[in-house]
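J.: Sequence:
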Amino acid sequence: MSTPTIPTIDLSQWRSGDRRSRERLATAVDQALERAGFLLVTGHGVPRDLPAGIRAAARSFFHRPAGDKRPFLAEAGQYGWSGPGAVATGRADGVPTPPDLVETWSVAPGPYDDAAERPEPGLLPEVWPPRSPALRPLLARYVRSMRALADELLELLAAALGQPLDFFTRHTTRPDWTLTLNWYPAIATTGAPRPGQFRVGPHTDFGTVTVLDRQPGKGGLQVHTEDGGWQDAPYDPEALTVNIGDLMARWTGDRWRSGRHRVPAPPADAPSEELMSLVYFYDCDPHTVVESLPAPVGRVRHPPVTARAYVRSKVAEISLR
Numbered sequence: 001m002s003t004p005t006i007p008t009i010d011l012s013q014w015r016s017g018d019r020r021s022r023e024r025l026a027t028a029v030d031q032a033l034e035r036a037g038f039l040l041v042t043g044h045g046v047p048r049d050l051p052a053g054i055r056a057a058a059r060s061f062f063h064r065p066a067g068d069k070r071p072f073l074a075e076a077g078q079y080g081w082s083g084p085g086a087v088a089t090g091r092a093d094g095v096p097t098p099p100d101l102v103e104t105w106s107v108a109p110g111p112y113d114d115a116a117e118r119p120e121p122g123l124l125p126e127v128w129p130p131r132s133p134a135l136r137p138l139l140a141r142y143v144r145s146m147r148a149l150a151d152e153l154l155e156l157l158a159a160a161l162g163q164p165l166d167f168f169t170r171h172t173t174r175p176d177w178t179l180t181l182n183w184y185p186a187i188a189t190t191g192a193p194r195p196g197q198f199r200v201g202p203h204t205d206f207g208t209v210t211v212l213d214r215q216p217g218k219g220g221l222q223v224h225t226e227d228g229g230w231q232d233a234p235y236d237p238e239a240l241t242v243n244i245g246d247l248m249a250r251w252t253g254d255r256w257r258s259g260r261h262r263v264p265a266p267p268a269d270a271p272s273e274e275l276m277s278l279v280y281f282y283d284c285d286p287h288t289v290v291e292s293l294p295a296p297v298g299r300v301r302h303p304p305v306t307a308r309a310y311v312r313s314k315v316a317e318i319s320l321r
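Mapping of the sequence shown onto the UniProt record's numbering: position 92 corresponds to residue 92, and the numbering continues sequentially without gaps.
Just so you know, the hints here were simulated from the structure itself, not pulled from any lab data. C-beta atoms are modelled at their ideal positions from N, C-alpha and C, and glycine is treated no differently. Possibly wrong hints are sitting among the right ones.
Now the in silico label distances, taken between C-beta atoms and shown as ranges [to be verified]:
hint, residue 1, residue 2, range
1, 68, 148, 27 to 37 angstroms
2, 19, 83, 29 to 39 angstroms
3, 121, 85, 23 to 33 angstroms
4, 23, 191, 49 to 59 angstroms
5, 20, 166, 17 to 27 angstroms
6, 64, 299, 29 to 39 angstroms
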């Protein structure tokens, strides 16, 4: 497969560049999100040793027997461990796929403290695996970095639309977000995939922006473009992969594409390949009403939706439990 045209955006130039440099970046972002809904982002400021530490701590949990992980099973709508057979993501794309070949650990913000001016909530779930003690503090550091990065990206996206920089971030005072560790076991663990089975089925994300730290592999991320179809996503070890979701596409009146993507089944010619992705889904304040920008920016006028209700309805479509 050929590589789609997904540009690399250096955020350090956005922070320190002059007006003309920032305008060029904003234009490149606008064009990329029109084509495929994806960007590679460097200059993001996330320490490279942090994802590596998270993967090491999470791997020690995922490699435990199922009985050791079951006490941390995420109930419907909650956070923690989800084992094999929990989701069929392709259903959100109208594709009746078998269950995805993935295990996950998901975290989300705990209750906010109304007494604090800009509180930083704790992490859900409340109970964490004692045999992986480093996992919680590492993820706490990571979500702080992701929250700051996501808001910075939203300012860049607002500029790309010709809007005030706080056009989106005025709606992220107490946002919904989820960080999910996707563990893709080797085929030696999962067994041969069923026909039409994926590690993650074809879909678009549901919220505003997704920030992905991923590993390269034969069974890695693929993205879809109108002119090229399904193609392997470009990989840069220094970059994070960013895509927009359904809420952002609706907000822009379909000026920008919600990035359609998938992760193929583990390849038979790489039977020991296992991968882990760190996926940060950023939404906005739960009761935000998302309305499409009018023409000439927007192109389609979608009915207004409430952010949390919309995302939860989409999550329910893919859940098998």
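J.: Hint by hint, work out which the structure violates, then give me just those numbers in ascending order.
T.: 2, 6
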